[in-house]
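Modelling step: build the complete structure from the supplied sequences, incorporating the hints.
Protein chains: 2
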Amino acid sequence: MSTKLADTEDSASPDGFVCRESTTLYEQPNPLVLESGQTLGPITVAYQTYGTLSPRKDNAIFVCHALTGDAHVAGRHNSEEKKPGWWNEFIGPGKAIDTNRYFVICANVLGGCQGTTGPSSLNPETGKPYGPDFPFITIRDIVNVHNALIDHLGIEQILAVIGGSLGGMQVLEWAVSHADRVRSAIVLASGPKLNAQGIAFNAIGRRAIYSDPLFQDGWYYDADEKPHFGLALARMVAHITYLSEESIELKFGRKLQDGDELGFNLRAETEFQIESYLHYQGKQFVGRFDANSYLALTRALDYFDLSEAYGSLAEAFSRTESRFLVVSYSSDWLYPTAQSKDIVRALIETKRHVTFRELESPYGHDAFLIDQELPKLERLVAPFLARMYMDQRQGRSS
Amino acid sequence: MSTKLADTEDSASPDGFVCRESTTLYEQPNPLVLESGQTLGPITVAYQTYGTLSPRKDNAIFVCHALTGDAHVAGRHNSEEKKPGWWNEFIGPGKAIDTNRYFVICANVLGGCQGTTGPSSLNPETGKPYGPDFPFITIRDIVNVHNALIDHLGIEQILAVIGGSLGGMQVLEWAVSHADRVRSAIVLASGPKLNAQGIAFNAIGRRAIYSDPLFQDGWYYDADEKPHFGLALARMVAHITYLSEESIELKFGRKLQDGDELGFNLRAETEFQIESYLHYQGKQFVGRFDANSYLALTRALDYFDLSEAYGSLAEAFSRTESRFLVVSYSSDWLYPTAQSKDIVRALIETKRHVTFRELESPYGHDAFLIDQELPKLERLVAPFLARMYMDQRQGRSS
Numbered sequence: 001m002s003t004k005l006a007d008t009e010d011s012a013s014p015d016g017f018v019c020r021e022s023t024t025l026y027e028q029p030n031p032l033v034l035e036s037g038q039t040l041g042p043i044t045v046a047y048q049t050y051g052t053l054s055p056r057k058d059n060a061i062f063v064c065h066a067l068t069g070d071a072h073v074a075g076r077h078n079s080e081e082k083k084p085g086w087w088n089e090f091i092g093p094g095k096a097i098d099t100n101r102y103f104v105i106c107a108n109v110l111g112g113c114q115g116t117t118g119p120s121s122l123n124p125e126t127g128k129p130y131g132p133d134f135p136f137i138t139i140r141d142i143v144n145v146h147n148a149l150i151d152h153l154g155i156e157q158i159l160a161v162i163g164g165s166l167g168g169m170q171v172l173e174w175a176v177s178h179a180d181r182v183r184s185a186i187v188l189a190s191g192p193k194l195n196a197q198g199i200a201f202n203a204i205g206r207r208a209i210y211s212d213p214l215f216q217d218g219w220y221y222d223a224d225e226k227p228h229f230g231l232a233l234a235r236m237v238a239h240i241t242y243l244s245e246e247s248i249e250l251k252f253g254r255k256l257q258d259g260d261e262l263g264f265n266l267r268a269e270t271e272f273q274i275e276s277y278l279h280y281q282g283k284q285f286v287g288r289f290d291a292n293s294y295l296a297l298t299r300a301l302d303y304f305d306l307s308e309a310y311g312s313l314a315e316a317f318s319r320t321e322s323r324f325l326v327v328s329y330s331s332d333w334l335y336p337t338a339q340s341k342d343i344v345r346a347l348i349e350t351k352r353h354v355t356f357r358e359l360e361s362p363y364g365h366d367a368f369l370i371d372q373e374l375p376k377l378e379r380l381v382a383p384f385l386a387r388m389y390m391d392q393r394q395g396r397s398s
Numbered sequence: 001m002s003t004k005l006a007d008t009e010d011s012a013s014p015d016g017f018v019c020r021e022s023t024t025l026y027e028q029p030n031p032l033v034l035e036s037g038q039t040l041g042p043i044t045v046a047y048q049t050y051g052t053l054s055p056r057k058d059n060a061i062f063v064c065h066a067l068t069g070d071a072h073v074a075g076r077h078n079s080e081e082k083k084p085g086w087w088n089e090f091i092g093p094g095k096a097i098d099t100n101r102y103f104v105i106c107a108n109v110l111g112g113c114q115g116t117t118g119p120s121s122l123n124p125e126t127g128k129p130y131g132p133d134f135p136f137i138t139i140r141d142i143v144n145v146h147n148a149l150i151d152h153l154g155i156e157q158i159l160a161v162i163g164g165s166l167g168g169m170q171v172l173e174w175a176v177s178h179a180d181r182v183r184s185a186i187v188l189a190s191g192p193k194l195n196a197q198g199i200a201f202n203a204i205g206r207r208a209i210y211s212d213p214l215f216q217d218g219w220y221y222d223a224d225e226k227p228h229f230g231l232a233l234a235r236m237v238a239h240i241t242y243l244s245e246e247s248i249e250l251k252f253g254r255k256l257q258d259g260d261e262l263g264f265n266l267r268a269e270t271e272f273q274i275e276s277y278l279h280y281q282g283k284q285f286v287g288r289f290d291a292n293s294y295l296a297l298t299r300a301l302d303y304f305d306l307s308e309a310y311g312s313l314a315e316a317f318s319r320t321e322s323r324f325l326v327v328s329y330s331s332d333w334l335y336p337t338a339q340s341k342d343i344v345r346a347l348i349e350t351k352r353h354v355t356f357r358e359l360e361s362p363y364g365h366d367a368f369l370i371d372q373e374l375p376k377l378e379r380l381v382a383p384f385l386a387r388m389y390m391d392q393r394q395g396r397s398s
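If you're matching them up, the sequences are chains H and A in order. Under our numbering, the residues of the first sequence are numbered 1 to 398, in order. Under our numbering, the residues of the second sequence are numbered 1 to 398, in order.
Simulated from the structure, these hints should not be mistaken for lab results. Source: prediction; values computed, not measured. Hints are not guaranteed to be accurate.
Since copy identity is lost for identical chains, a pair holds within one copy or between any two.
[Said to hold, decoys possible] Think about it this way: if two alpha-carbon atoms lie no more than 25 angstroms apart in a straight line, the pair counts; the simulated DSS-like pairs of lysine-lysine are: (1) Lys341 - Lys255; (2) Lys255 - Lys128; (3) Lys341 - Lys251; (4) Lys83 - Lys376.
Structure, rendered in structure tokens:
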């Protein structure tokens, strides 16, 4: 379960290699009862761990990934792997989340397509992928499955749950519905509910998928061609919302993709660099993501609303026992700072311990994933974790 | 050419009825030479006029419409018409642009689909719609055609050219490339170029159209079914950019379309009101707009860049002879105030007469089209026009 040390030859990979692990939970006759009332089981959960669980089992940090992320949060699986995990600069020995000190767990979400049971997994009743028969899932369902994984790993208390965007919503849900085991909650670039604009952009993405004739009502797994046009288009529009106007203006502006003369050709779809970049993002995405998962997870995002679920935000947070660190980014227009402030106000109202910072960044919503922005985040997260860990060892309550 | 008075019975229509008019220009052998170097002719221009041209011909105001607008800027064509023109609350007797005083002209843009020659018009060489054979057009081409219309109407000087968004870009192009006839220029919710984010959203819209199998490379005019899925999707995504986060949050928030219970049904595409609203917007749009026009006009938007075209913004404005009124809206994120300020700074640098105001509004980019926001705009535009008109009559130069 712990990270293997790198071969001594592999000097380029000082963090060592990481293993894909998985476990199957909710075997019949004990399926998961979903928020919708439907049941689902068995459920396979794909996860990865880093560092070593302390003898007291008091150093576990659970990382919640965002919409299209996965369990591969840091390190490499082998020396051939081109890219390390998605938060490699933030998690590892001596890094912001120091795996010499903490035991880090990251798991793929329910409904995803990177190892945890989702629409592309085999339905044991039919022997074929669930496809559109996959039940409707919510963020609470996602968190319940991860909570069962923590049970499975024999861990009682989690030192910290951390995540950004959809991951931040999972953190909030963890803190509210599994309050007794969450010592601290770190919510990045997120909000207590998806606002109308967010629902609108998700609706566009889903419409793009539904409109693709290759989607075939979701029964495309046996087909030679998948609904890649629709899925790519969904990714392209979502990707714009992850960037700030400032950052794409700085990076691309009106630069042309080829040469420096306008082509006056309406058939040229990628004349400007920003267009070419979006097309590339779309193409890359369809190689690693499943359209039905995209539908399911964006709907889970839409449905998230802590105040609706618990009567009010204060009502929700009155259940929590964690300390909170809430971080927003100045140029994030998908989850603007005002949404983080809504969280913070409700936490203060319920007399919870909360630290809040808006970080200045030109990078928009994705800032928490961008390497050059991580040092700022580290300066908040590392001391917060260290303090939590020290206070916990000294038996101080939150 | 002037507005007909209403029948006395028609008390609901005090503005009188307005006529659709059109004229054909650039007859062979004198076609329009486009910015691309291609030629196009003949070109039919659809337009409407309001009020009466003064004997001195010094009271003409030209209105430039936005991306999907048309010449029908105010009034009704007949008593059956449900909705009046798109700026009916702003233009008419006693209104902000007072047709008792001014002679107002609005014309559909080149490349459009509301009467002026565009991709859906018959190509005289083939007897079929131009379709994708329609030449590539730019905002300068659009303005050149309207400039020829003004010639045709026997008008030399235009008291004011006014428009928002794509209309505002036309106003800028008017002021720069037809400086000798534009006395004043009123630029609303616009910018001197389209930024990368704007290009990105346009690219998404075009991708949606290109991806629709019914698009058939643009040769869909004879088909029973048009690429309505793609065009509707393009409209949906664009529509989000016209609204502010605040305004859709206030209007829709997370309200459900039917009942007050979440359905937990992934097949329900319009569960939230904002989704239903966007789908409605998409559906309405495909009934009145042509996909090839949408492609052509969004590309014309992308191409607009005054500083690129003239070396610098100051270089461009050094050609102008107008007074300027520049107005931005606080919650407009498609053409943020910073873009209007770029215009204003360059005008000041070139010692032009410019008035600038950022209007506070929650309605985003579309604010200049929203009835309840028009009184604020009227308080800027009406005195600006009155002053222009008075100074012109008194022979004062700009």
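Right, here's what the structure says about each hint:
no., hint, result
1, Lys341 - Lys255, "between (37 angstroms within a copy, 22 angstroms between copies)"
2, Lys255 - Lys128, "neither (47 angstroms within a copy, 37 angstroms between copies)"
3, Lys341 - Lys251, "between (30 angstroms within a copy, 21 angstroms between copies)"
4, Lys83 - Lys376, "within (23 angstroms within a copy, 54 angstroms between copies)"
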